[in-house]
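S.K.: One letter stands for each residue in the lines below.
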Amino acid sequence: MDLAGLFAQLLNGIQYGLLLFLIASGLTLIFGVMGIINLAHGSLFMVGAYTAFVVTSATGSLWLALPAGIVGGIALGLLLERFLFRFFYHREHLDQVLLTFALILLFEEARSLLVGNDFYSVPIPAVLDFSIPVTDGFSYSAYRFAVIGICLLLAALMFLWIERTRLGAIIRAAAEKPEMVDILGIDARRIHLVVFAVGTALALMAGVLAAPLYSVYPNMGDGFLIISFVVVVIGGLGSVSGAFWSALLIGLVDTLGKAYVPVVAGLAVYVLMAVVLLWRPFGLFGARSS
Amino acid sequence: MLPETKYGWMGLVLGAAALAALPLFAPPYYVELGTYAVIAAMLALSLQLLVGCTGLVSLGHGAFYGLAAYAVYLVTPESKGLSIFVTLPIAVLVAGLAALVVGALSLRTRGFFFLMVTLAFGQMVFFLFHDTKIGGGADGAFLARPTLSFLGYELTLTRRQRPIAIYYVGLMQMVLMYSGLAFLLRSLFGRVLEGIRVNEHRMQAIGYNTYRYKLAAFVIAGMLAGVAGHMWAMHRGFVNPELVGWHRSAEALLMILLGGLHTLHGPILGALAYTGLGELAQSLTERKLLVQGLVILAVVLVLPRGLSGLRFPRDWRRKLPFASEEKPVPEAPAESLRHG
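Residue numbers (the working numbering), protein chains in the order written: chain A, 1 to 290; chain Y, 1001 to 1340.
Treat the hints with care, since some could be wrong.
[Said to hold, decoys possible] Taking lysine to aspartate or glutamate pairs in the EDC-like style, the calculated list, with each CA pair at most 20 Å apart, reads: (1) Y:K1288 / A:E109; (2) A:K177 / A:E92; (3) Y:K1133 / Y:E1078; (4) Y:K1288 / Y:E1032; (5) Y:K1288 / A:D222; (6) A:K258 / A:D222; (7) A:K258 / A:D2; (8) A:K258 / Y:D1131; (9) A:K177 / A:D187; (10) A:K177 / A:E163; (11) Y:K1080 / Y:E1154; (12) Y:K1288 / A:D118.
[As the list claims (entries may be wrong)] Coverage of chain A stretches by chain Y, computed from C-beta distances (three or more under 8 Å per stretch; other residues unrestricted): (13) 92 to 98; (14) 102 to 109; (15) 221 to 230; (16) 254 to 265; (17) 272 to 282.
[Unchecked claim] Ranges of calculated distance between the beta carbons of each label pair, as one might list FRET restraints: (18) Y:Y1029 / A:K177: 55 to 63 Å; (19) A:F119 / Y:L1277: 24 to 32 Å; (20) A:A75 / Y:R1110: 33 to 41 Å; (21) A:D182 / Y:Y1030: 52 to 60 Å; (22) A:R86 / Y:A1182: 33 to 41 Å.
It should be emphasised that the hints constitute simulated quantities derived from the structure, not laboratory data.
In this text, a Cβ means the ideal position worked out from N, Cα and C, and glycines have one as well.
Next comes chain A alone, as it looks inside the complex:
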């Protein structure tokens, strides 16, 4: 095992983990605040990736896809919350699972109708299509560095928003004790709209950034969805910082596993999750111990 290869795999793992964080943070916020199990979150990621594909093939620039993803994500999130998810906050888990499963099917059909069922690759933007030499004899893709940078920036913004602003405090409170937030006279519906829109926009962003790395293909959201659930569960439900660390952990375990022990790599993260849950039933960073 050469050192340069290991180094590259470590960076790959971090980059993968940070992308997972973008998906998982939305998932964990939506569950934490609204109590919704959103299986369609992977489809939102898929929508982002296809947005990147459509925008780049129309305009030739991935940089236009980023704002398109953000705006589209916010709009889609607002629509979904206002007209669908709002009616499911107090329904049983089973109903939520089925609603969002139906959404997966519908998103896949919409994708199939609009873009088709083929694999497409999305070119890396020309500005970043080179390698940065890190040490002698080892260089690493500039685009992947950029992805790491953008994800870290978004994570920092998320952290500031959740931990340092008034709205963030309300969201944390709503995740912890929803009744209390109601009693204080805060309009929960507005909070729900905001959280859902942000979560959706993050998932779309992740999709846009991921498109040049993984290309776009049918059912691509599925694998990311399940892994993101693992991240959320290990990190503790509703905890954004927990999601951050567990996303990095899962990203590294999965990437290093696939590189060095491919036979068990698929299993590894699920074994990890089962072990964590049996050891700490509310996740590594989960505060709830009732």
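Here the structure of chain A is known, so what remains is to put chain Y in place on it, guided by the hints.
M.R.: Same frame as chain A, now just chain Y:
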């Protein structure tokens, strides 16, 4: 869980008769479709023991179904199929043992976490078959189908007779499963499961070790899913990792909700409706998923009690269409639903 009115019983008997008579009037293609529906119904029935009866929503039930099918593949020699009396017990045993292990671990968690742990175990089984060469890898593998033979005497069937025989074998198993579950749920064991669904803390307070009851239900449900998985192997003679994937589990949940929660005929109704719907959508529009997705959406939005929640008005003078005869089941406290 059994019908409570004479109309209910009449419906049940008529439905059973219609299913039994299917090969007499339906072309072979529809008999095969019926076999698929019966297999799906058995999977949904087995899951109903967990979801509708005990209140445990599992997203990993497909694992036991798929494991049973893979067990048939692994014990069958390449050239000659084994007797169903050998393969069925093995498949059920494998599924039951797996359910014992998975259940013992995952039942330590509740609610959302239970959903996720069962999903994780399901995915483990999926990747076990997907990434290794145990069962033909990602492409799957063909197997010699189990035969209908007993003590050296084998029922020989022509190519035309075989699908019909397989259909009846499946239908028989489904009827047995339905009756078995109906009796089980009328027993004290079934009552305790029902109590756990409504209020687990209260059952604990009365003095029941609810963990053991839930584990028993989990293992029985796993074994019954094994029966369905074995039937799949017998019908198709092919296994692939998709059998184990979580979409299968989600579809089974869907059939339950489509047919109706908290009833035993619900899953069967749901499986028939779902299979029929898929077939209809495929032949009409080529957009199977679109139609299925819309129907699920409609059911979740407007029919929370499923198809069996639909009722003819009992008293025509009181104009209350679709009014339910049953009293609403008291909900468990919202807190335990939300945070497990």
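S.K.: What are the numbers of the hints the structure violates, in ascending order?
M.R.: Every hint satisfied by this model.
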